[in-house]
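K.L.:
Chains as they are written, first to last, in our numbering: chain A, 1 to 107; chain B, 1001 to 1121.
Quick caveat, the hints were computed from the structure, so don't treat them as lab data. For each residue, glycine too, the CB sits at the ideal point set by N, CA and C. There's no promise every hint is true.
[What the hints assert, rightly or not] A few chain B residues facing chain A, derived, Cβ under 10 Å: (1) V1012; (2) P1014; (3) F1029; (4) D1030; (5) V1037; (6) G1044; (7) L1045; (8) Y1080; (9) A1097; (10) Q1100; (11) L1109; (12) D1110; (13) W1112.
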Amino acid sequence: SYDLTQPLSVSVSPGQTASISCSGDDLGYKHVSWYQQKPGQSPVLVIYQDSKRPAGIPERFSGSNSGTTATLTISGTQALDEGYYYCQAWGSGTEAVFGTGTKVTVL
Amino acid sequence: EVQLVESGGSLVQPGGSLRLSCEVSGITFDNYAMHWVRQPPGKGLEWVSGINWNSGNIGYADSVKGRFTISRDNVDDFLYLEMNNLRIEDTAFYYCARDQAAEFFYYGLDVWGPGTKVTVS
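Kindly produce the complete structure, drawing on both the sequences and the hints.
P.N.:
Right, here's the structure in full:
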């Protein structure tokens, strides 16, 4: 099966930049999406196809993907950006895979 | 407004069966692939199954293959998940989610329901 690995946690000061990595074999050849999930809520898509933002997602969210690592970057992080973030890609065939998840704390 | 509303979650014994439903409104349902994603208590997201717009392409996670069946009704705009031979490790919140496209593999899941709770005990 295909695995995506993320750091357990990332801490960032308000106004600073948070970077969350997502690693997997040949990940750069796949389309990566990112989701934000706050406690008690359903996930929200924040990035798709590596770097595209859905309507309504702030410009401070950006993404990149190359080699074996995809990265979600939150610029000018705000307190409301706290939560869990999950990457997602498609494995072989028709199987979708989520990353292990990263807890973002804004200190 | 797009709405996805799951139902059918409950407490069931190991080895039992359950059928989850997801009622979809506010969109042209057969323009989109659909998915089921689950989240065990206190844990991360796990993709369960996906189905393309016309049911011609279906995928399952290895953990549910042979036990779960996804289907859709493009007349009444419903997505279903038939779950058989349930195990304790199937305990989770189950979300219905819309793909951004009619075929999956290329885009993300951009609309999610509030979820329904399945407890196997």
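K.L.:
To test your reading of the hints: which numbers does this structure violate?
P.N.:
When the structure is compared with the hints, numbers 1, 2, 3, 4 and 8 turn out to be violated.
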